[in-house]
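**Student:** Letter by letter, the chains look like this.
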Amino acid sequence: MKDLLLGLATGVLFGFLLQRSRVLRYDVQVGALRLLDMTIVKFMLSAVVVGSIGIHVLWAAGAAEPDVKAAVLGANIVGGLLFGIGWGLLGYCPGTSVGALGEGRWDAVWGILGMLVGGALYAEVYSPLKRTLGAWGDLGAITLDGVLHVSAWVVIAALAVVSVPLFVWFEKRHV
Amino acid sequence: MSQGNGKAPSPYLGGALTGVLATLSVWIAGKYLGASTTFARSAAMVERLFAPGHVEKLDYFAKYGPKIDWQWMFVLGILLGSFISSLTSRSFRWQAVPDMWASRFGGGVAKRAVVAFVGAAVALFGARLAGGCPSGHGLSGLMQLSVSGFIALVCFFAGGIVTARLLYGRRAGE
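Order-wise, the sequence lines are chains A and B.
For the first sequence, the working numbering begins at 4 and goes up steadily by one.
For the second sequence, the working numbering begins at 5 and goes up steadily by one.
Chain B extracted, bound-state conformation:
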């Protein structure tokens, strides 16, 4: 690791404070944390620029249309909060290819871009089919002890572990 010198902040504390934040959000705003719907809404916004009639025709966009709502602003906030935090802790790092990726697949931007893009499309399609992502199903679902959250989270990790194994091989690879 070439950055983040000094003592690592505790993920336990960060997680516990996230639990407090999630509780306050439910209490004050009546909103459970989630992120993946925002990408569907944003897709509708982009599509509307090119084919407004088509967007209107789709049942899914009738339900989750091109609208800036609480969650959309929440996702935008994550970007800002991370930016502020990384600047103030001097851990902001302009990086095109992650270290672990580079050590296995090299520092080429194109290869990383293609795999990230395709992976992202598959991930979001899956999240919308499953009804949520690690925030909506993982955090908010588990906090409510929902069965769907447990099933989805187990499948998220199962799919991810198999994929990481195929990409990186056995643990000795590192």
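Looking at chain A on its own, in the form it has when it is part of the complex:
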């Protein structure tokens, strides 16, 4: 029960932040894919820089456990490209589809219904897919810092350092 309430509270705050940052809109998401509007890139990269610092502090303090998903090239690449194609057509991702409905953009309903069908279809073909694509190029639960043999803090610092000029460039170009 506590889990469920925490989930709801976290979701409400996330939905609030997404809505205020205007990233729930089709025009903003497809605007990013058309390279006209970098709002979602600004949002995501800012979240990743701050969150990566926070989460690695928690790990260092022994206050949380990692939950790194395995890198499986077949599944990540084919699934990622399929997701991208669908995202370009829909203009919302799973989390933002419900958020978009919350701010009244009810074309997201078609998206939510379609995603239920996509989930059902995936469940039908999961077993054979897992044995084929899902097994190709399984590199395990690896991280960038592990692969590069450097401290996570080096990678996080690099991310932060790259983000700043990128953000300056976005603002100069008004995207």
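It is worth saying that the hints were derived from the structure and are not from the lab.
Predicted model only: the values in this text are computed from it and were never measured.
For each residue, glycine too, the CB sits at the ideal point set by N, CA and C.
Treat the hints with caution; some may be incorrect.
Stated by the list, open to error - Partner residues aside, some chain B positions facing chain A, computed with beta carbon under 8 Å:
1. V30
2. E51
3. F54
4. I72
5. Q75
6. M77
7. S89
8. L133
9. I165
Claimed, not checked - Pairs of lysine-lysine, DSBU-like flavour, derived with a Cα cap of 30 Å:
10. B:K61 / A:K133
11. A:K133 / B:K67
12. B:K71 / A:K5
13. B:K115 / A:K5
14. A:K133 / B:K71
15. B:K71 / B:K61
With chain A's structure known, arrange chain B on it following the hints.
**Tutor:** Here is chain B on its own, set in the frame of chain A:
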């Protein structure tokens, strides 16, 4: 843009606060943000109404079954949070077809509905195959510096950019 008059809130601030929220969630609840599993679980809930025996047979639903869990409530929360935020900032807008879509494909609801529905099915199938969506792989994966998160996010954008280009043509289209 016909709405959202006044100063635009900063996506940098919203993003940074999301980073804080993600950290607090991991700390307090031990949960990393994610959304796409919930659609698979919800599909199982709907399917169970019509074919309970079939749902029980599927390995995938044995793993991600029809269960309301932390993430399910998180996704429901996004809907509520967005609703509250849009009402309090007066940016709630009941809209059937997005502006950008309408300027290219017209204001017809049916055309938008069909493309959105098909796109959504493809997107969620892809997300489940990839093991996550822009929240699970993009945010939570990258925050953990996971290689899978980087690969998936690059592919999300690659697939999306090509699709947007096919739909809208070169940049001059706007």
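**Student:** Against this structure, judge whether each hint is valid.
**Tutor:** We went through each hint and held it up to the structure:
1. V30: Since the shortest Cβ distance to chain A is 5 Å, the answer is holds.
2. E51: Holds - the Cβ of E51 of chain B comes within 8 Å of chain A, reaching about 6 Å at its closest.
3. F54: violated (11 Å)
4. I72: Holds, because the Cβ-Cβ distance from I72 of chain B to chain A comes to roughly 7 Å (cut-off 8 Å).
5. Q75: Because about 6 Å separates Q75 of chain B from the closest Cβ in chain A, which is inside the 8 Å limit, the hint holds.
6. M77: holds (3 Å)
7. S89: Check passed: Cβ of S89 of chain B comes within 4 Å of chain A, closer than 8 Å.
8. L133: holds (3 Å)
9. I165: Holds, about 5 Å.
10. B:K61 / A:K133: holds (16 Å)
11. A:K133 / B:K67: holds (13 Å)
12. B:K71 / A:K5: holds (15 Å)
13. B:K115 / A:K5: Not OK: K115 of chain B and K5 of chain A at ~43 Å, beyond 30 Å, violated.
14. A:K133 / B:K71: holds (22 Å)
15. B:K71 / B:K61: holds (16 Å)
The structure shown violates the earlier hints numbered 3, 13.
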